[in-house]
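Student: Sequence:
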Amino acid sequence: MRRTGSPYRKAEAAAGLPSSFRRLTGFPPRRSRVILYALLAVIAFLLLPKPELHLGRAVVFLLFGSDAATSLTSGGWRPSVDVLRFVDPLIGTANGGHVFPGASLPYGMAKAVADTMSVAENAAGFVSDDNAITGFSHMHDSGTGGNPSLGNFPIFVHPGCPGDDFKRCKYPMLERMTDRVNGSAVASPGYFSVELVNGVRGEMTVGERTGLYRFGFPGWTAAGKDGKEGGEKWEGRDGTRFSPLVLMDLVDLANSRRNGGIEVYPDTGRIIGDGTYAPSFGAGHYRAYFCADFKGAEIRKSGTFVRNDASEEIKWIDGSEPGWYNPGGSSGAWLQFERPERDEILARVGLSFISVDQACENAEREIPDFDFERVHEAAREQWRRKLGAVEVDATGVSEELQTTFWSGLYRTMLSPQNYTGENQGWNSSEPYYDSFYCIWDSFRAQHPLLTIIDPVAQTEMVRALVDIYRHEGKLPDCRMSFCKGFTQGGSNADIVLADAFVKNITDGVDWHTSYEAVVSDAEVEPQNWGLEGRGNLVSWHELGYIPWNDEDKNGTGPTSRTISRSVEYAYDDFCVGLMAKGLGKPTDASKYHARSANWKNLWNAGQKDLYRDPQGEVIQSEFVGFLQPRLVDGTWRYHNTRTCSPIHQMHSCYYDTAFDTYEGSPWLYSFFVPQDMASLVAAMGGPDRFVERLTYFHTSGIAYMGNEQAFLTVFQFHYGGRPGLSSYWAHEYIPAQFNASVNGIPGNDDCAMGAFSAFAYMGFFPVAGQDVYLVTPPFFPEVRVRARNGKWAVIRVRDFDPTYERKYIQSAKLNGRAYTRSWITHEFFMKGGVLELTVGSKEGSWGTAEGDLPPSYPFVEGAG
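Here full-length UniProt numbering is used: the first residue of the sequence shown is 1, the next is one more, and so on.
If you're looking for bench data, these hints aren't it; they were derived computationally from the structure.
Don't take every hint at face value.
[As the list claims (entries may be wrong)] Using C-beta positions, here's what the derived DEER-type ranges look like: (1) Ser398 to Leu610: 39 to 45 Å; (2) Gly582 to Asp688: 32 to 38 Å; (3) Tyr654 to Asp357: 37 to 43 Å; (4) Glu827 to Glu523: 31 to 37 Å; (5) Gly163 to Tyr654: 48 to 54 Å; (6) Tyr654 to Glu692: 26 to 32 Å; (7) His471 to Gly163: 51 to 57 Å; (8) Val860 to Glu523: 21 to 27 Å.
[Unchecked claim] In the DSS-like style, the derived pairs of lysine-lysine whose C-alpha atoms are separated by at most 30 Å in a straight line are: (9) Lys386 to Lys791; (10) Lys585 to Lys831; (11) Lys167 to Lys301; (12) Lys295 to Lys167; (13) Lys791 to Lys831; (14) Lys813 to Lys791; (15) Lys581 to Lys591; (16) Lys585 to Lys608; (17) Lys842 to Lys386; (18) Lys813 to Lys842; (19) Lys553 to Lys591.
Ideal Cβ positions, reconstructed from N, Cα and C, are used throughout, including at glycine.
Given the sequences, and given the hints that come with them, work out the whole structure.
Tutor: The structure is reproduced here in structure tokens:
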């Protein structure tokens, strides 16, 4: 498959030859000229001083140019199948993954799927379980924790009403819900379908801000199954006439609606409505609007409903209607149709956060023709283009591993969502993205991945974050549905901005305002630092840590998490310092660099690791020295080193925690010093003891890969001079915990679980906020990532072993020259090149020398 930006030019794809061949010889080439060039190539090859250059590559290089040589002689592969066949959106739709599996475009606002009555699991609408379907709604978030999000204005279809009486149909969500046909759910990029036991099949695809549904009736159109054909009196077993009733409900997934209204137009069948709703993990409210049109059958009747009270006379209702505000209830409008002409009804639902008029305009502009197949194929083509930023040679790699990789890459582009033009908060010419949900999760892998594979979108997200600062006064740490979300630790948008800054994301980014924003986080405490910014800043500045008994009089927010917030503030300040240095602010750079060493103020070198064995005996492990809380007077307070890990009170450290760590143990947070791993390694007893401790973390049950803080620990063996162990542990977690099953991720996705696995598959992992990628062998013989200049960054494995016994790098070459460092910089992905890795079945010496370790940036007292 040849795509725009590949070494082959699109205009010349039909010729089947590289463009350099055409420039050299013309087309078709003269036979004698080809023979002459081939002879010259062989002679030149005999004179080449590089014995490792293969004959085939030499000939191709001389005839066709370096790009062709890199491409055509890397095993002879080119993508030959549509990668969308390896994308399974159902991965992560069970066991707390909360992945959205429905129809969506990359970063699309419209996200259509069937919603299930799966309490505590249906944050994204659909769950792969056996719970009933409550409706089909048009906007969702993907992979979030917390309460269900969005799911506004669900549509539901009854094939008919008992006794052909619309009043006898079921309208409220809890009464109309219907079981699905087991195994009938089908999902692929831009498409979702499921069949219900009432004989209705729902298919859906989307535009940017419009959902398009195709409802079929296989249980009613198959004679002798659930009914029999009888002209207009098509009746089922219970006497129900085949006369579909379609309802639109104003509820959302969380039943949070208040206010709003709905109207049905009996002549055209158009239904419009709006409502005010609450966000799922934040404070405030938002307003949403829809505009629905239908095609495929004549309208018999229309009306509205409040709970089960359906009326044909009332065509519109609003907030003043008696009983309208009904928490947990359903209210809306309905249409009843004659038997559909083609036994299907199409429903187009335009969406907006601005107005009903804009919702209608969105629908009419995006899908004027109700052409389901056209819209579906357009969505697939958008996904092909986005995923085309990466190509792999999958020779010998199982389909399950390919599916896990491509599906993970796909999920990273579901959110944040592009709401540009739909921002109900303020008018701006800047892009607006929403559902930064939460940056505490996504900064570690998702945003660094988008910086590589979709720098245009990532640049727009950075600009959106800066614009939020302009209008809200702070960068968000979490944001959804135009509302401020709850903070979980540091001010982690600082890291996203710094990561973009050091990787030369510049197009349209106002770095002056960006720096102002991160300095605001570092210096100015907001009134409520539970929703933005940082708290306890007076103590942070004066004492260098957040005391357990701090009395903050400048703002309000959770007073817990003193360990995790302290180490996160330290790294946030380090990233502010990187920006200061790059912007020519040396005084600021020194100040923030000094604060990045504050993690040491909570390092208790004598703290023991105590735990109870299964018999109740208190045991002490061999490891000493952990992060611990301190009081204002500097004395230590004890925090169990294993609390908030899978083996001890795991669920005690979530949002309302009273503990000093958040969603992880002191064991976990004691590894979070990415700015100065050399000092941490020394504090833990040197490289050997550090490696032993990190190995114990991953073998003892303390590690939990379902939260993103654990991602970097898989690859931190690099800092102890053992990059081979990073490769080993990547293979331990993939595919054991990251695989192609419906519960194929270990925690809620946050659009970051997929980024973790995608990085591991491609053979490098970011240290977010720094220009550092830790290198391990890819899971493929070759990975190609489109560089920013249109060339390709190629990572190739020599002696590739599909059994992965050979998974340890023995040596490396970068663009043909020996390369010994265990890490690379972003320049590789900007300019392109070839990183060739030779692998073996045992650890070698590659990347283990002190000078080849990833960088650390220790603060030295008195240094400028």
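Student: Each hint should be assessed against the structure and marked as holding or not.
Tutor: For each hint, the structure was consulted:
1. Ser398 to Leu610: 39 to 45 Å: For Leu610 against Ser398, whose Cβ atoms are near 43 Å apart, the range 39 to 45 Å holds.
2. Gly582 to Asp688: 32 to 38 Å: holds, 36 Å
3. Tyr654 to Asp357: 37 to 43 Å: Holds, at about 42 Å.
4. Glu827 to Glu523: 31 to 37 Å: About 32 Å separates the Cβ atoms of Glu827 and Glu523, which means 31 to 37 Å holds.
5. Gly163 to Tyr654: 48 to 54 Å: Distance hint for Gly163, Tyr654 holds at roughly 50 Å.
6. Tyr654 to Glu692: 26 to 32 Å: Check passed, 30 Å falls within 26 to 32 Å.
7. His471 to Gly163: 51 to 57 Å: Since the Cβ atoms of His471 and Gly163 sit about 56 Å apart, the hinted range of 51 to 57 Å holds.
8. Val860 to Glu523: 21 to 27 Å: Once the Cβ atoms are compared, 24 Å apart, the range 21 to 27 Å for Glu523 and Val860 holds.
9. Lys386 to Lys791: Given that 30 Å is the threshold and the Cα spacing comes to 16 Å, the pair holds.
10. Lys585 to Lys831: Answer holds: Lys585 to Lys831 is near 28 Å, not above 30 Å.
11. Lys167 to Lys301: holds, 12 Å
12. Lys295 to Lys167: With a Cα-Cα distance of about 23 Å, the restraint between Lys295 and Lys167 holds, given a limit of 30 Å.
13. Lys791 to Lys831: holds, 7 Å
14. Lys813 to Lys791: Holds: Lys813 and Lys791 sit about 18 Å apart, inside 30 Å.
15. Lys581 to Lys591: Holds, at roughly 11 Å.
16. Lys585 to Lys608: With Cα atoms ~42 Å apart, Lys585 and Lys608 exceed 30 Å; violated.
17. Lys842 to Lys386: violated, 37 Å
18. Lys813 to Lys842: holds, 19 Å
19. Lys553 to Lys591: holds, 24 Å
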